[in-house]
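Asks: Sequence:
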Amino acid sequence: NFPPLLQCVVQPGNGGPVEDWCNCEQVFDASPETTSMVVINGALDKLRGGFYPAVFFPKLASCVDRFYNRFESIFYLKPITDKGMYGWLYRVYPEPWQVILQTVEQGEKGFRIVNNLVYSSDERPSYNDAVAKLMDASRQM
Numbered sequence: 001n002f003p004p005l006l007q008c009v010v011q012p013g014n015g016g017p018v019e020d021w022c023n024c025e026q027v028f029d030a031s032p033e034t035t036s037m038v039v040i041n042g043a044l045d046k047l048r049g050g051f052y053p054a055v056f057f058p059k060l061a062s063c064v065d066r067f068y069n070r071f072e073s074i075f076y077l078k079p080i081t082d083k084g085m086y087g088w089l090y091r092v093y094p095e096p097w098q099v100i101l102q103t104v105e106q107g108e109k110g111f112r113i114v115n116n117l118v119y120s121s122d123e124r125p126s127y128n129d130a131v132a133k134l135m136d137a138s139r140q141m
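So for the sequence shown, full-length UniProt numbering puts the first residue at 1; every next one is plus one.
If you're looking for bench data, these hints aren't it; they were derived computationally from the structure.
All values reported here derive from a predicted model rather than from experimental measurement.
Wrong hints could be hidden among the right ones.
Have a look at the derived ranges for each label pair, beta carbon to beta carbon [what the hints assert, rightly or not]: (1) M141 / L5: 44 to 50 Å; (2) L5 / G110: 45 to 51 Å; (3) V27 / G84: 41 to 47 Å; (4) K46 / S120: 39 to 45 Å; (5) R66 / M141: 43 to 49 Å; (6) T35 / K109: 48 to 54 Å; (7) D136 / V38: 32 to 38 Å; (8) Q26 / L5: 30 to 36 Å; (9) P79 / M37: 32 to 38 Å; (10) G50 / Y76: 16 to 22 Å; (11) Q140 / N1: 56 to 62 Å.
Straight-line distance between alpha carbons at most 30 Å, and here's what the computed BS3-like set of lysine-lysine pairs gives [unchecked claim]: (12) K46 / K83; (13) K59 / K46; (14) K78 / K46.
For every residue, glycine included, the Cβ atom is placed at its ideal position computed from N, Cα and C.
Work the whole structure out from these sequences, hints included.
Replies: In structure tokens form, the structure reads like this:
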């Protein structure tokens with residue numbers, strides 16, 4: 001019996017008990033150091049962003065501090081629909097974070113969606129910063 005090289009966890013805690021997130025840490029800690037964990041659709045933004053207050057979820061808060069704050073996003077795609085702007089916050093590891101402005105243009109065969117890269121950075125922009133980048137780019141078009 002060989003230990004696993006990869007553990008895939010799909011949608012822990014999101015829509016189920018918050019203990020699922022803590023259970024991921026326990027599974028990872030019980031595995032050899034050579035094992036990697038991939039969390040798919042884990043709502044880690046919600047988890048790491050304070051959606052679950054530490055005062056009501058102390059075990060989860062300590063788990064986030066110990067475990068989830070070390071995670072690296074290898075694929076991230078978040079739609080942005082705010083202040084009349086449409087776009088995406090996007091990243092594929094190891095590439096930089098990208099803010100994409102989505103616009104509609106009239107073409108010969110009707111309307112078409114155009115995606116324009118308006119910002120790129122090694123550091124992840126906050127949601128509000130991404131919206132501001134979309135607004136700035138939209139004004140310059």
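Asks: Looking at the structure, which of the earlier hints fail to hold?
Replies: 4, 8, 9
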